[in-house]
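Novice: Input sequences plus hints: build the corresponding full structure.
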Amino acid sequence: MIEHKPDAGAKTLSDLRYACQTYSWQMNLATYRGRLDHMISTAAKAGFRGFEPEVVMLGDDWSPAELKDTLDRHGLELAALVLVEPWRGDQESPAERGDADTVIDCVAAIPGAKIILCPAPGADRRDLVERQDNALSCMAAVARRAADRGIICSFHPNSPGGSVFRTAEDYRRMADLLDPLINLTPDLGHIARGGMDPLTVVTDWGDRVDHVHIKDLATDGTWAEIGSGVVDVPAVLDHLASRGFSGWVTFEDESPSAEDDPDAAVARNGKYVSRLIGGMA
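For what it's worth, our numbering labels the leading residue of the sequence shown as 751, then goes sequentially.
Just so you know, these hints were derived from the structure itself, not from any lab.
Keep in mind it's a predicted model, so treat the numbers as computed, not measured.
There is no bait here: all hints are sound.
Each computed DSS-like pair below joins lysine-lysine, with the alpha-carbon atoms no more than 25 Å apart:
#, residue 1, residue 2
1, LYS1021, LYS761
2, LYS1021, LYS795
3, LYS818, LYS795
Using C-beta positions, here's what the derived DEER-type ranges look like:
#, residue 1, residue 2, range
4, ARG767, ASP898, 24 to 30 Å
5, ALA985, GLY945, 15 to 21 Å
6, LYS795, THR852, 25 to 31 Å
7, LYS795, GLY900, 29 to 35 Å
8, LEU878, THR852, 25 to 31 Å
9, ASP877, ARG785, 34 to 40 Å
10, ASP851, ASP883, 21 to 27 Å
11, GLY839, PRO930, 20 to 26 Å
12, ASP811, ASP970, 39 to 45 Å
13, LYS761, GLY809, 32 to 38 Å
14, GLY825, SER996, 15 to 21 Å
15, GLY994, THR781, 38 to 44 Å
16, ASP970, ALA815, 42 to 48 Å
Glycine included, each C-beta is placed from N, C-alpha and C at the ideal position.
Specialist: Below is the structure:
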């Protein structure tokens, strides 16, 4: 079994570990799915140290060995692998369990990464409490199997209209019921779109936060280029550095410009981090 340990030791912004998420490319799924070398090399050229793919972006014939080899060739680490599932029943379906076990096997073969658990949004929020309970139950089952392999799982709530963990009340319920084996991956943009303050959420969850997604939100509720919206990204990063955060800070740009040109968005986000810290370490 694994033990969750609090962060220790003061750090600066340059000590934080910055990773690139694949969602900018995922908005053009048919074009980029399975193009591991392209995505990883683009992230490396932008200055990121880590790479965080959703499983769907790996393609049909991927293997842990291929993923690790491509990361190694470009000098990147696997920050996490993202598992997105419906989890609508009170137990995992056979297909959901199979997907989860594939991810567990992959992360076990690439030490140091974690698994990000993300319930797929539905069409609406009907049967909210039941759906919340079922998602939490299924994620706990995944986390127990992962823990038996020494792997940490972290929960990534989101904010589309059919998400079951998107408001302050949802987060309060999540705080009461989330399995102790599962940490939290707050997504700053989703938190803001759910009507909450990202810095407050990150602060309130304390050491339970072991991975962070950076996203920005425009005043009209659409996604913005990171650094151009309402989310105070520097304040959150300063807080993480001050508490000695040892997890990954992953940039996930879903803005219209990222959809139009994901490679340029990744490069832009690398430059944004570089400006904040005076040059990426």
